[in-house]
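J.: All chains, full assembly: derive it from the sequences and hints.
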Amino acid sequence: MFLAVLIRTAWMSDDGAITLRTVLNVTHGFGLRFNVAERVQTFTHPLWLGLITLVYLAVGNIYASTFLLSIAFSVIVFWHALTRAATPAQAAVAAVALLGSQAFVDFSTSGLENPLSNLLLAAFVLLFLDDRLERRRWLTALWTLGALLYLTRPDDVLFVAPALAFASWRVRRARVVASAVLVGILPAIIWAAFALIYYGFPFPNTAYAKLGMGIDSAELRVQGLLYLVDSIDRDPVTLVTIGFAVALAFVERNPAARAFALGLLLYLAYIVSIGGDFMAGRFLAVPLFAAVLLLSRVAVGARTLWIAAAVLLAVVGTTATRMPLWSNSRPVDQGLKPSGIIDERAMYFRDRSLVFARRGTFREPDWPKARLPPPRLRVLDTCGLMGAAGVDFGPYVHLLDECALADPLLARLPAVFNSEWRTGHYRRMIPAGYRESLETLGNNLQDPALHEYYEHLRTITRSQPLLSGARLRAILAMNAGRYDGLINRAFYRNGGMLVRVEELSTVRDEGTPWNAAGNHILKQPLAIVCPDEPGRRYFDVSLDSDDRYQLIFVKRDTILSTLDLGPIPEYRRKPGLARYTPDIPARASANGFDTIVVFPSGGNDQYALGHLLIEGNPATDAELYRRVSLREGFAAR
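Per our numbering, residue 183 is the first one in the sequence shown, and the count goes up by one each step.
Treat the hints with care, as some may be off.
To be verified - The calculated DMTMM-like cross-link candidates involving lysine to aspartate or glutamate, where the alpha carbons are at most 25 Å apart (straight line), are:
1. Lys756 with Glu692
2. Lys756 with Glu805
3. Lys756 with Asp691
4. Lys392 with Glu634
5. Lys705 with Glu752
6. Lys551 with Glu621
7. Lys392 with Asp337
8. Lys519 with Asp415
9. Lys737 with Glu715
10. Lys705 with Glu618
11. Lys737 with Glu602
12. Lys392 with Asp739
13. Lys705 with Asp787
14. Lys756 with Asp746
15. Lys392 with Asp746
16. Lys519 with Glu602
17. Lys737 with Glu685
18. Lys392 with Asp776
19. Lys737 with Asp776
20. Lys392 with Glu602
21. Lys705 with Asp691
22. Lys737 with Asp666
23. Lys756 with Asp787
24. Lys705 with Asp629
25. Lys392 with Asp563
26. Lys737 with Glu401
27. Lys519 with Asp746
28. Lys392 with Glu715
29. Lys705 with Glu637
30. Lys737 with Asp765
31. Lys705 with Asp746
32. Lys705 with Glu684
33. Lys519 with Glu684
34. Lys737 with Asp803
35. Lys705 with Asp563
36. Lys737 with Asp398
37. Lys737 with Glu752
38. Lys392 with Asp629
39. Lys705 with Glu602
Since the hints were made in silico from the structure, they are not lab data.
T.: Now the structure itself:
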């Protein structure tokens, strides 16, 4: 039955197709890279990529290889969860939870690494509960599985970290533990060494891209909580099962169960801290399977408890937006929410699923063999749909990923400020001359400091041979952060639209034409850098009268307050600029702020800013207080 469910729900995600482009490149002589002109690690799952590559070499069709591997591993882990359950009643709980979880079923295919993560977790739990092995071999094998989980997806290690600590404590002999750890993590060390030499960096490019997103941790946590709420709405079985497993583990006072439950909690806390994901359920599929292993193998309880749990989960499953058992070829609502979370399988199901496939949907791509010198590359901008575009356009189209997941330079620039950011989509400003640099394989950047930075980066990602002295020195210096000062972070954070408040001190009278000389025409948000002085009360600004603007008060990349201004009501509106003299919002006034972002948010697209006066500047305070007194009817001071 589970195999039938998998076939009816099997699909290929765009993120999964990113890996397939790399597999096609490495098997056709281009190297282990996404864009053929540069060495960049765009994948977080080297072990999964390696397995797909091996199966592809045997099968000859990249899509068939991925589906075969995903379905085979998923059937194995489903069979394992049921047949290795401690009791038939616990097996029933496992079956109901796995078949009722939209997250687990959706990401049992998709081209992503979830099936391998589940398989390794099952092997870890099986080994952890095996008391027959000699302690050194047992602990070494556990640490090896932990390393393989890291190579499948680095954050998978959180699931087993407490169990590894508990297992090491049980062995107690320091020399044995040290030996087991060093031998066990050797696969991860070998990969990190290879990545450092080949790519120039020990971690995936995606990790560096996410370091520069510039979003306040509190905002990320709120988005992460919304991700959990979204799961309860779409797929209640998943979090109910996880919560039940964790609660039962701590009630039982079983050290092994508590170790695995703590791993689950660590992983959920991590998911909340990074803002979840834009794909509904993606980061909850493996926790669901871990919870099922905990319930079926580790936890103990009366038969009546398990029967009641199975019935309850079945009832909860009937309230889901889309039950996996009823999935078929009928259209499904993608359910895009204001939080930016979407049912990704529903989005791609008509174009990249087995049940909707045409004869040519999963035809083997016509991928050429590498040749030297390569032809001139065509550059295509993208942020999203990078996997499908990468496979469809072939190796000689260079995808300029504005979200920086596949671009080594953009990954090291800060994301452009955007108060309406969406998880996983953090756009970068394209530096002047960068597109031409990619087309010509040169360095045409116009920013002198960034030109120097990119020259060092090109030495790492493009130069031959790999072990030249210049390249090795650049790798060491880049990883040590010696070139970081060459990046004007404020400039690129604000998309190049950056001025100091002192530059806006010339007052523009009401009615000044919106496009008069000296005004700032706003094609995108404008960031205004201010002295950070708490206690300021007032400001005065002139904006085009028939448009709506949002002013965002920011301190160290954290949004403190927002304020909406305009448009002036039509009955008293005059053409041109209008002056506003509001109070600075309370939180921004109390804490101080270092940047005001003026965000055009509605109107006729003729957005303009004339001047901005902020309390605390002796040169403009007299005019500011005059405006406040006109507003209030008394002299401000």
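J.: Hint by hint, say whether it matches the structure.
T.: Here's how the hints hold up against the structure:
1. Straight-line distance between C-alpha atoms of Lys756 and Glu692 comes to about 8 Å, which keeps the hinted pair within the 25 Å bound.
2. A threshold of 25 Å between alpha carbons decides the hint, and for Lys756 with Glu805 the separation of about 22 Å falls inside it, so the pair holds.
3. Restraint check for Lys756 and Asp691: the C-alpha separation of about 12 Å stays at or below 25 Å, so the hint holds.
4. The suggested pairing of Lys392 with Glu634 holds, with an alpha-carbon distance near 23 Å, which does not exceed 25 Å.
5. At roughly 24 Å between alpha-carbon atoms, Lys705 and Glu752 fall within 25 Å of each other, so this suggested pair holds.
6. A hinted pair counts as satisfied when its Cα atoms are at most 25 Å apart, and Lys551 with Glu621 qualifies at roughly 21 Å.
7. With a C-alpha separation of about 14 Å, the suggested pairing of Lys392 with Asp337 holds against the 25 Å cut-off.
8. Between the alpha carbons of Lys519 and Asp415 the distance comes to roughly 11 Å, so the proposed pair stays at or under 25 Å and holds.
9. Proximity of Lys737 to Glu715 is assessed by CA-CA distance (about 11 Å); at most 25 Å being required, the pair is judged to hold.
10. Distance restraint check for Lys705 and Glu618: the Cα-Cα separation of roughly 23 Å lies within the 25 Å cut-off, and the hinted pair is therefore satisfied.
11. A threshold of 25 Å between alpha carbons decides the hint, and for Lys737 with Glu602 the separation of about 17 Å falls inside it, so the pair holds.
12. Distance hint between Lys392 and Asp739 is fulfilled; the C-alpha atoms sit about 15 Å from each other, no more than 25 Å.
13. Taking the CA atoms of Lys705 and Asp787, the gap is about 8 Å. The hint holds against a cut of 25 Å.
14. Our distance criterion of 25 Å between C-alpha atoms is met by Lys756 and Asp746, whose separation comes to about 19 Å.
15. At roughly 30 Å between alpha-carbon atoms, Lys392 and Asp746 are farther apart than 25 Å, so this suggested pair is violated.
16. Restraint check: the Cα-Cα separation between Lys519 and Glu602 comes to about 13 Å, which is no more than 25 Å; the hinted pair holds.
17. A C-alpha spacing of about 20 Å is found between Lys737 and Glu685, which places the hinted pair at or below 25 Å, so the restraint holds.
18. Between Lys392 and Asp776, the direct Cα distance comes to roughly 23 Å. Compliance with the 25 Å bound is thereby established for this hinted pair.
19. Note on Lys737 and Asp776: the hinted pairing holds, with a Cα-Cα distance of about 5 Å set against a maximum of 25 Å.
20. For the proposed pair Lys392 and Glu602, the alpha carbon gap of about 17 Å is at most 25 Å, so the pair holds.
21. For the proposed pair Lys705 and Asp691, the alpha carbon gap of about 22 Å is at most 25 Å, so the pair holds.
22. For the proposed pair Lys737 and Asp666, the alpha carbon gap of about 21 Å is at most 25 Å, so the pair holds.
23. Between Lys756 and Asp787 the CA atoms are separated by roughly 17 Å; this keeps the pair inside 25 Å, and the hint holds.
24. Using a Cα cut-off of 25 Å, the hinted pair Lys705 and Asp629 holds, with the two alpha carbons roughly 21 Å apart.
25. Proximity of Lys392 to Asp563 is assessed by CA-CA distance (about 19 Å); at most 25 Å being required, the pair is judged to hold.
26. Among the hinted pairs, Lys737 with Glu401 is consistent with the structure: their alpha-carbon atoms are about 14 Å apart, no more than 25 Å.
27. Taking the CA atoms of Lys519 and Asp746, the gap is about 23 Å. The hint holds against a cut of 25 Å.
28. Using a Cα cut-off of 25 Å, the hinted pair Lys392 and Glu715 is violated, with the two alpha carbons roughly 30 Å apart.
29. Taken as a hint, the Lys705 and Glu637 pair is broken in the structure, with Cα atoms around 31 Å apart against an allowance of 25 Å.
30. Using a Cα cut-off of 25 Å, the hinted pair Lys737 and Asp765 holds, with the two alpha carbons roughly 18 Å apart.
31. Between Lys705 and Asp746, the direct Cα distance comes to roughly 18 Å. Compliance with the 25 Å bound is thereby established for this hinted pair.
32. Simply put, Lys705 and Glu684 have alpha-carbon atoms about 21 Å apart, close enough for the 25 Å limit, and the pair holds.
33. A hinted pair counts as satisfied when its Cα atoms are at most 25 Å apart, and Lys519 with Glu684 does not qualify at roughly 41 Å.
34. Restraint check: the Cα-Cα separation between Lys737 and Asp803 comes to about 23 Å, which is no more than 25 Å; the hinted pair holds.
35. This hinted pair checks out: Lys705 and Asp563 have alpha carbons roughly 20 Å apart, not beyond 25 Å.
36. Our distance criterion of 25 Å between C-alpha atoms is met by Lys737 and Asp398, whose separation comes to about 10 Å.
37. As the CA atoms of Lys737 and Glu752 are separated by approximately 35 Å, the hinted pair breaks the 25 Å bound.
38. Pair hint Lys392 plus Asp629 holds up; C-alpha atoms about 23 Å apart against a cutoff of 25 Å.
39. For the hint linking Lys705 to Glu602, the alpha-carbon distance of about 17 Å falls within 25 Å, and the restraint holds.
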